[in-house]
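> Here the protein sequences line up with chains C and X, keeping their order.
Quick note on this note's numbering: the first sequence kicks off at 1 and runs consecutively.
Quick note on this note's numbering: the second sequence kicks off at 1 and runs consecutively.
Simulated from the structure, these hints should not be mistaken for lab results.
Ideal placement from N, C-alpha and C gives every residue a C-beta, glycine not left out.
Keep in mind that the hints are not guaranteed to be accurate.
With a straight-line Cα cutoff of 20 Å, these simulated EDC-like cross-link-like pairs (lysine to aspartate or glutamate) come out [as the list claims (entries may be wrong)]:
(1) X:K3 - X:E216
(2) X:K172 - X:E87
(3) X:K79 - C:D176
(4) X:K76 - X:E98
(5) X:K65 - X:D10
(6) X:K76 - C:D176
Derived coverage of chain X by chain C (criterion: at least 3 residues anywhere in the stretch with Cβ under 8 Å from a Cβ of chain C; other residues may be distant) [said to hold, decoys possible]:
(7) 102 to 109
(8) 121 to 128
(9) 136 to 144
Here are the in silico distance ranges between beta carbons for each label pair [said to hold, decoys possible]:
(10) X:R229 - C:C77: 56 to 64 Å
(11) X:N108 - C:P69: 44 to 52 Å
(12) X:Y15 - C:L110: 41 to 49 Å
(13) X:N40 - C:L164: 35 to 43 Å
(14) C:V103 - X:N40: 44 to 52 Å
(15) X:G183 - C:A163: 53 to 61 Å
(16) C:L91 - X:E127: 35 to 43 Å
(17) X:G16 - C:I125: 40 to 48 Å
(18) C:H59 - X:G185: 56 to 64 Å
(19) C:P69 - X:M1: 55 to 63 Å
(20) C:L73 - X:N108: 20 to 28 Å
(21) C:L274 - X:D194: 18 to 26 Å
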Amino acid sequence: MDWINAIVQGVLLGGLYALFAAGLSLIFGVMRLVNIAHGDLIILGAYLGLTTTSILGIHPLMSLVVVMPLMALLGYCLQRGILNSTLGDDLLPPLLVTFGLSVILQNSLLELYSADPQKLNAGIIETASIEVGSLAIGILPILMFFTAISIVAGLQFIFYRTALGRAFRAVSDNQDVAQLMGLNKRHIFGLAMALSLAVTAVAGIFLGIRTSFDPSVGGGRLIFGFEAVIIGGLGNLWGTLIGGIILGVAQNIGAQINPGWQLLSGHIAFLIILVIKPKGLFPRISG
Amino acid sequence: MPKPLLITQDLNSYYGDFQALYNVNVQVMKDEVVAIIGANGAGKTTLLKSIAGLIGNRPDQITFKDAVIGSTRPDKIAKNGIALVPEGRQLFPSLSVEENLLIGGQLNRPGPWSLHRVFDIFPILKERRNQASTELSGGQQQMVALGRALMANPDLLLLDEISLGLAPVIIKSIYEALPDIIGNGISAVIVEQDISRALAVSHRAYCFQEGRVSLEGKSREMSRIDISRAYFGV
Numbered sequence: 001m002d003w004i005n006a007i008v009q010g011v012l013l014g015g016l017y018a019l020f021a022a023g024l025s026l027i028f029g030v031m032r033l034v035n036i037a038h039g040d041l042i043i044l045g046a047y048l049g050l051t052t053t054s055i056l057g058i059h060p061l062m063s064l065v066v067v068m069p070l071m072a073l074l075g076y077c078l079q080r081g082i083l084n085s086t087l088g089d090d091l092l093p094p095l096l097v098t099f100g101l102s103v104i105l106q107n108s109l110l111e112l113y114s115a116d117p118q119k120l121n122a123g124i125i126e127t128a129s130i131e132v133g134s135l136a137i138g139i140l141p142i143l144m145f146f147t148a149i150s151i152v153a154g155l156q157f158i159f160y161r162t163a164l165g166r167a168f169r170a171v172s173d174n175q176d177v178a179q180l181m182g183l184n185k186r187h188i189f190g191l192a193m194a195l196s197l198a199v200t201a202v203a204g205i206f207l208g209i210r211t212s213f214d215p216s217v218g219g220g221r222l223i224f225g226f227e228a229v230i231i232g233g234l235g236n237l238w239g240t241l242i243g244g245i246i247l248g249v250a251q252n253i254g255a256q257i258n259p260g261w262q263l264l265s266g267h268i269a270f271l272i273i274l275v276i277k278p279k280g281l282f283p284r285i286s287g
Numbered sequence: 001m002p003k004p005l006l007i008t009q010d011l012n013s014y015y016g017d018f019q020a021l022y023n024v025n026v027q028v029m030k031d032e033v034v035a036i037i038g039a040n041g042a043g044k045t046t047l048l049k050s051i052a053g054l055i056g057n058r059p060d061q062i063t064f065k066d067a068v069i070g071s072t073r074p075d076k077i078a079k080n081g082i083a084l085v086p087e088g089r090q091l092f093p094s095l096s097v098e099e100n101l102l103i104g105g106q107l108n109r110p111g112p113w114s115l116h117r118v119f120d121i122f123p124i125l126k127e128r129r130n131q132a133s134t135e136l137s138g139g140q141q142q143m144v145a146l147g148r149a150l151m152a153n154p155d156l157l158l159l160d161e162i163s164l165g166l167a168p169v170i171i172k173s174i175y176e177a178l179p180d181i182i183g184n185g186i187s188a189v190i191v192e193q194d195i196s197r198a199l200a201v202s203h204r205a206y207c208f209q210e211g212r213v214s215l216e217g218k219s220r221e222m223s224r225i226d227i228s229r230a231y232f233g234v
């Protein structure tokens with residue numbers, strides 16, 4: 001029974017990892033940008049949630065109404081102001097610039113909020129659970145999991161059913177020809193980053209409700225996000241969700257064997273998949 | 001005399017340090033079809049890329065509808081009414097046939113061309129509208145590339161080697177469709193290696209040699225001897 005419990009909890013935890021990863025997957029798919037600052041942006045989302053809840057006195061989940069548009073706006077400005085000029089044939093400049101951004105974000109958060117661990121208080125849903133057979137499944141993990149599914153489905157809908165998604169795919173396929181169609185790639189990239197950071201806001205709020213956070217923990221979330229993206233296959237959003245689930249299950253099974261093995265077993269599962277299928281399970285983009 | 005729709009004025013184009021065009025002067029009048037002929041590497045594609053904005057130049061070297069566009073961004077040039085059918089078709093592989101056409105029309109410029117009308121002249125595309133563009137034959141892909149450019153309702157259509165790599169019977173059918181396309185208020189610049197075909201569909205022609213215009217004149221009045229001299233530089 002403990003094992004079944006570990007697997008079920010792992011699947012649900014995978015939803016959170018998919019939320020970490022969806023934004024990364026999206027911008028890599030559209031503009032081949034690897035965002036090293038993604039983890040710190042998740043933490044920024046959590047801190048913005050903290051500030052919003054304490055000023056307005058609203059529930060952390062309600063704070064998304066404020067935090068999501070804020071993060072989206074930040075994403076658009078960041079892309080138009082800085083990141084667009086790093087994009088080209090070389091992958092290195094965006095890596096270096098987002099690494100620098102990561103350092104700046106961490107230190108600004110440290111300056112503003114100090115190093116004390118913080119937490120978002122979501123009240124009763126943090127501890128509430130439902131009984132399924134002999135398992136107790138938390139309301140919060142269930143909520144996170146179905147939020148992740150809805151977000152992936154929503155992104156998938158935007159990508160394959162809307163004019164914006166058509167533009168995303170066209171620019172991803174061939175930037176020059178996309179511009180001949182009258183698409184301003186800088187604007188399209190800005191919109192992609194805005195969408196990515198809107199999803200990141202959701203990830204940050206859920207992270208802040210689930211665990212305590214401080215300015216230095218972004219790097220770890222970035223690793224989980226990367227692993228989920230790569231396990232699932234680059235550019236495939238449903239693959240990213242499955243990658244998150246595999247990571248979550250592997251971690252919980254490891255923790256079940258020995259509590260100290262939680263993170264290690266997640267990384268080992270990632271490495272095994274990388275050895276067997278270097279392009280991930282469901283690759284859509286090559287290189 | 002009416003003003004030309006498009007003028008290049010002593011156009012010098014570069015790929016990095018490499019100069020591909022030298023003082024090129026080309027004009028296109030409204031409703032005119034202009035052919036650009038020349039050997040490989042003569043600068044034909046460079047000219048079209050410069051006009052479409054994919055290669056940046058000095059602003060005043062290219063004028064379109066009285067606006068200088070030499071250094072304008074390609075998406076703004078597209079909005080202004082120039083559409084390029086690129087060499088090798090360059091469809092979007094992750095878009096279906098219909099989506100490729102729709103993205104060509106996403107600027108919503110007013111004009112006669114619509115999805116419906118493209119399907120009218122290329123009925124096979126209607127049958128295959130939901131297929132990935134990569135699943136089509138070369139000729140059908142060229143129809144999509146043409147349709148995609150037409151969806152923008154351009155004032156000036158740039159066609160880069162639309163017969164390249166296609167079977168002669170397909171080339172024939174595409175060229176038979178051309179009069180329905182151009183001459184409806186659309187001017188065109190046609191880059192083509194097949195000289196007789198290029199001269200047959202155009203009013204005037206320019207021959208390029210090593211980045212320079214080596215011959216220009218009315219298509220019907222160009223003699224074979226002049227062309228081969230301008231083509232090969234012998």
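> For each hint, tell me whether it holds in the structure or not.
Here is what the structure says about each hint:
no. : hint                        : in the structure
1   : X:K3 - X:E216               : holds (19 Å)
2   : X:K172 - X:E87              : holds (18 Å)
3   : X:K79 - C:D176              : holds (15 Å)
4   : X:K76 - X:E98               : violated (24 Å)
5   : X:K65 - X:D10               : holds (18 Å)
6   : X:K76 - C:D176              : holds (13 Å)
7   : 102 to 109                  : holds (count 5)
8   : 121 to 128                  : violated (count 0)
9   : 136 to 144                  : violated (count 0)
10  : X:R229 - C:C77: 56 to 64 Å  : holds (58 Å)
11  : X:N108 - C:P69: 44 to 52 Å  : violated (27 Å)
12  : X:Y15 - C:L110: 41 to 49 Å  : holds (47 Å)
13  : X:N40 - C:L164: 35 to 43 Å  : holds (40 Å)
14  : C:V103 - X:N40: 44 to 52 Å  : holds (50 Å)
15  : X:G183 - C:A163: 53 to 61 Å : violated (31 Å)
16  : C:L91 - X:E127: 35 to 43 Å  : holds (41 Å)
17  : X:G16 - C:I125: 40 to 48 Å  : violated (59 Å)
18  : C:H59 - X:G185: 56 to 64 Å  : holds (60 Å)
19  : C:P69 - X:M1: 55 to 63 Å    : holds (56 Å)
20  : C:L73 - X:N108: 20 to 28 Å  : holds (27 Å)
21  : C:L274 - X:D194: 18 to 26 Å : violated (51 Å)
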